[in-house]
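Novice: Given chain A's structure and the hints, the job is docking chain B onto it.
The lines below spell out each chain.
There are 2 protein chains.
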Amino acid sequence: MIPTSTIDQLAGLLARFERDEIETGALCDDLAAVRDQDIARALKALSTEGMARVLEILPGERRAGVFGFIEPDVQYALLDALDEATARAVLDDLRPDNLTALLEDLSQEAGDAVARRLSPQRVQQARRLLGYPLESAGRLMTPEFIALEPGWTLSHALRHVQRHAGRSETVDVLFITDEGGRLLGWTGLRALVLGDPAAKVESLLEDKPVSIVVSEDREQAARLIQHYDLTALPVVDDGGVLMGMVTIDDVMDVVEEEATEDIHKLGGLGAQHLSLRGASMLELFKKRIGWLLMLVFLAIFAAGAVSVFEETLEAAVVLSFFLPLIIGSGGNAGSQGATMMVRALATGDVGPKDWLKLWVRELGVASALGVTMATAAWGIGLFYGGTMLANVVFLSMIAVVIFGSMVGMLLPFLLTRFRLDPATASAPLITSIADIGGILIYFGIATAWIHAAPTG
Amino acid sequence: MIPTSTIDQLAGLLARFERDEIETGALCDDLAAVRDQDIARALKALSTEGMARVLEILPGERRAGVFGFIEPDVQYALLDALDEATARAVLDDLRPDNLTALLEDLSQEAGDAVARRLSPQRVQQARRLLGYPLESAGRLMTPEFIALEPGWTLSHALRHVQRHAGRSETVDVLFITDEGGRLLGWTGLRALVLGDPAAKVESLLEDKPVSIVVSEDREQAARLIQHYDLTALPVVDDGGVLMGMVTIDDVMDVVEEEATEDIHKLGGLGAQHLSLRGASMLELFKKRIGWLLMLVFLAIFAAGAVSVFEETLEAAVVLSFFLPLIIGSGGNAGSQGATMMVRALATGDVGPKDWLKLWVRELGVASALGVTMATAAWGIGLFYGGTMLANVVFLSMIAVVIFGSMVGMLLPFLLTRFRLDPATASAPLITSIADIGGILIYFGIATAWIHAAPTG
Numbered sequence: 001m002i003p004t005s006t007i008d009q010l011a012g013l014l015a016r017f018e019r020d021e022i023e024t025g026a027l028c029d030d031l032a033a034v035r036d037q038d039i040a041r042a043l044k045a046l047s048t049e050g051m052a053r054v055l056e057i058l059p060g061e062r063r064a065g066v067f068g069f070i071e072p073d074v075q076y077a078l079l080d081a082l083d084e085a086t087a088r089a090v091l092d093d094l095r096p097d098n099l100t101a102l103l104e105d106l107s108q109e110a111g112d113a114v115a116r117r118l119s120p121q122r123v124q125q126a127r128r129l130l131g132y133p134l135e136s137a138g139r140l141m142t143p144e145f146i147a148l149e150p151g152w153t154l155s156h157a158l159r160h161v162q163r164h165a166g167r168s169e170t171v172d173v174l175f176i177t178d179e180g181g182r183l184l185g186w187t188g189l190r191a192l193v194l195g196d197p198a199a200k201v202e203s204l205l206e207d208k209p210v211s212i213v214v215s216e217d218r219e220q221a222a223r224l225i226q227h228y229d230l231t232a233l234p235v236v237d238d239g240g241v242l243m244g245m246v247t248i249d250d251v252m253d254v255v256e257e258e259a260t261e262d263i264h265k266l267g268g269l270g271a272q273h274l275s276l277r278g279a280s281m282l283e284l285f286k287k288r289i290g291w292l293l294m295l296v297f298l299a300i301f302a303a304g305a306v307s308v309f310e311e312t313l314e315a316a317v318v319l320s321f322f323l324p325l326i327i328g329s330g331g332n333a334g335s336q337g338a339t340m341m342v343r344a345l346a347t348g349d350v351g352p353k354d355w356l357k358l359w360v361r362e363l364g365v366a367s368a369l370g371v372t373m374a375t376a377a378w379g380i381g382l383f384y385g386g387t388m389l390a391n392v393v394f395l396s397m398i399a400v401v402i403f404g405s406m407v408g409m410l411l412p413f414l415l416t417r418f419r420l421d422p423a424t425a426s427a428p429l430i431t432s433i434a435d436i437g438g439i440l441i442y443f444g445i446a447t448a449w450i451h452a453a454p455t456g
Numbered sequence: 001m002i003p004t005s006t007i008d009q010l011a012g013l014l015a016r017f018e019r020d021e022i023e024t025g026a027l028c029d030d031l032a033a034v035r036d037q038d039i040a041r042a043l044k045a046l047s048t049e050g051m052a053r054v055l056e057i058l059p060g061e062r063r064a065g066v067f068g069f070i071e072p073d074v075q076y077a078l079l080d081a082l083d084e085a086t087a088r089a090v091l092d093d094l095r096p097d098n099l100t101a102l103l104e105d106l107s108q109e110a111g112d113a114v115a116r117r118l119s120p121q122r123v124q125q126a127r128r129l130l131g132y133p134l135e136s137a138g139r140l141m142t143p144e145f146i147a148l149e150p151g152w153t154l155s156h157a158l159r160h161v162q163r164h165a166g167r168s169e170t171v172d173v174l175f176i177t178d179e180g181g182r183l184l185g186w187t188g189l190r191a192l193v194l195g196d197p198a199a200k201v202e203s204l205l206e207d208k209p210v211s212i213v214v215s216e217d218r219e220q221a222a223r224l225i226q227h228y229d230l231t232a233l234p235v236v237d238d239g240g241v242l243m244g245m246v247t248i249d250d251v252m253d254v255v256e257e258e259a260t261e262d263i264h265k266l267g268g269l270g271a272q273h274l275s276l277r278g279a280s281m282l283e284l285f286k287k288r289i290g291w292l293l294m295l296v297f298l299a300i301f302a303a304g305a306v307s308v309f310e311e312t313l314e315a316a317v318v319l320s321f322f323l324p325l326i327i328g329s330g331g332n333a334g335s336q337g338a339t340m341m342v343r344a345l346a347t348g349d350v351g352p353k354d355w356l357k358l359w360v361r362e363l364g365v366a367s368a369l370g371v372t373m374a375t376a377a378w379g380i381g382l383f384y385g386g387t388m389l390a391n392v393v394f395l396s397m398i399a400v401v402i403f404g405s406m407v408g409m410l411l412p413f414l415l416t417r418f419r420l421d422p423a424t425a426s427a428p429l430i431t432s433i434a435d436i437g438g439i440l441i442y443f444g445i446a447t448a449w450i451h452a453a454p455t456g
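Protein chains in written order, with this note's numbering: chain A, 1 to 456; chain B, 1 to 456.
Among these hints, one or two may not hold up.
[Said to hold, decoys possible] Restraint-style ranges between C-beta atoms, simulated for each label pair: (1) A15/A with G348/B: 16 to 26 Å; (2) Q121/B with G181/A: 44 to 54 Å; (3) Q121/A with G270/B: 51 to 61 Å; (4) A15/A with G240/B: 44 to 54 Å; (5) E71/A with G25/B: 52 to 62 Å.
[To be verified] Every beta carbon over 10 Å from chain B, so not counted as near; a handful from chain A, in silico: (6) T24; (7) D29; (8) L118; (9) W152; (10) T347; (11) T387.
None of these hints come from the bench; they were simulated from the model.
Idealized CB from N, CA, C, for every residue including glycine.
So here's chain A without its partners, still in its complex pose:
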């Protein structure tokens, strides 16, 4: 996806360096022209010791940059492999939001080991950031920003920015705060440069700025940035005091991570973040077994449902030929409905209040789908077992597709209602529920038909 040729080439180079096939000097020259992100990505292929050796030969000012793009679990192992001076220097130069990301994934003990290498001020800052709830805007924000006072002239403000530019991740967004540090508004370097130098900063104040409270969900920060096309979103405490900012590049990763979370849930997987590349067998097992076992126990009801119709089945074993088709179709239609609904709820395309309108429409669509599929299935039924079977299959198909679609569509809304994540309505869960319903519908119709026309 990313320029893989660059990264593959670089990874090859680094591997040869790890095997002592190229000189330090030659590698240094090559790395000078490569971006931090690419080095970090290519490092993935090396052993921890290899990574440490590469980091140590990088110029001092680049180490923290590259280190910041490495994944937190690898970062921690890497710190142990680096010589003490380099480890301290890297931690010291690490951007605050990257430091938070590293610390939040560590155990108490490992976190303390990292903290011992940090200056007291940085420990204090990190402690404060880690005090915000997991996946909150506070965890995502950087506490470094440039704030202007409303009474300053634009030329004074510009000089202030010139002096403090190094402190902030971006100068494209500058905040305006009152003497208590409360957020009044924002502006950008553009406005300072283009405006009348003698004008006051307060003349740049427009309407109330968009902001987010530090404890709110980071997904909400992503939504706000996306909806209002912001470069940076100010983060304030309950009193409106500016605490930091969330930048759009951090939010891109959140959008992707949240989509992955939803996709995994829909696929019937646990929600914990896991890089598939790096995950151990045990981690993968744990991510999957919970749902699978729950579905096995749900299937007890399916077995029970079939057993109720033992007599019917003994009278016409041919019925069981169509069991996979009937219950599968209900599950498929239901998975489709749930998938669309969950995603539309997640992106805000529809809201919880729309359920009635959507339900009516789904009923129409499901009926049409059911009739179309039933017609196809009728032919197959005729081939295997004659008119009676074909008719039972036809009717069951319509009923099962409607049943599955209803479950698939309504369950996400129901979950939202009880403040649960709608993505819990996974394809496997819908399929399992549709199985039980499908069995009862199919054998129910078959039993009724057999009793009504015992000669078939």
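Specialist: Frame of chain A, contents of chain B only:
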């Protein structure tokens, strides 16, 4: 997700205006403090005529802004409802990338109707943009940017930016081009402001800038912006001449749309973009029926597989009780595997070359999952049908879970190999394939067991 309270309140206000319950003047005052994005979102609740009335009372310079945030299909209807002068003015002020988005969704005829209202230069520009392939970087880019010449001094460059700032969507990224318009590098307002005014622009040139060719996929543009944390990505033609730029806010929407596309495919839905809120029954039917019918025909093989074992089933109808459990478990494990793999391939977490390593690990994980689930199922089998059934269920469960997992894991890679979208390996498809395999495995084991120990 977005500040719904603001938008709901606003929608209520607009609805009352539509019913003539509030004065134009009062609404104007209220709208002055509201952002374009919120007005566009709240307008959704109105009729097309209502939307047109609201747009007409907005100050001229805000109309195109609000219009740009409305969805293309609504935009077109809205143009017809606006009075001719307003429609022309809105189109004239619309940002080029928004105009492209509007035109690309229109029929030839409707597009011509829009083009007649545009100036010849704008028609020409739009034609050029629409000449790029669908979903390419060229379709997404804005052709307006600021380019600096390497020989200029920073102070000259700064004056140039001040003069032309209105032309560009952002001045945070400024491009440096040679006399032929070829991209040499980029810089930002920050560097112009912070640098020595007498220095040359060429002193700001760093390493080769990241760029994308105009015909490449927009998803690649998104990856590059995300990987390199860019604000804007330059788009060049085959000769390296700068044609425009893709900005990060456009790309956020692409990331979300592509995730939706993947989620829909995984759920066994057609890939066409569709707002669930606005979709008609027919559109929804068409999005769903293709896969559903394909799965019905796949289920013929499942029916055939069961029919092969008619004798076994007649000898022990109790076997059919466990059919949903066995085939369902294979499908569930397979869906999980496919979901993880498709997402990891899409985000670049794993690549096509990793398949062997991942396959070996999946085999281990699937075996562990199979044994755990089989142990649970063994108990259920014992309860319903005694030791023999329990043993058949136990063995089948292990085999089916491994089979399903292998299909789920390998199919996405196989699809990638044939240059097809791995997300085609949807949960319903995997489930259907697992059904067939599961039936053969389960009844195969049962038949063998019955023959080996006919007294049960």
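Novice: Please list, smallest to largest, the hint numbers that this structure does not respect.
Specialist: 4, 10
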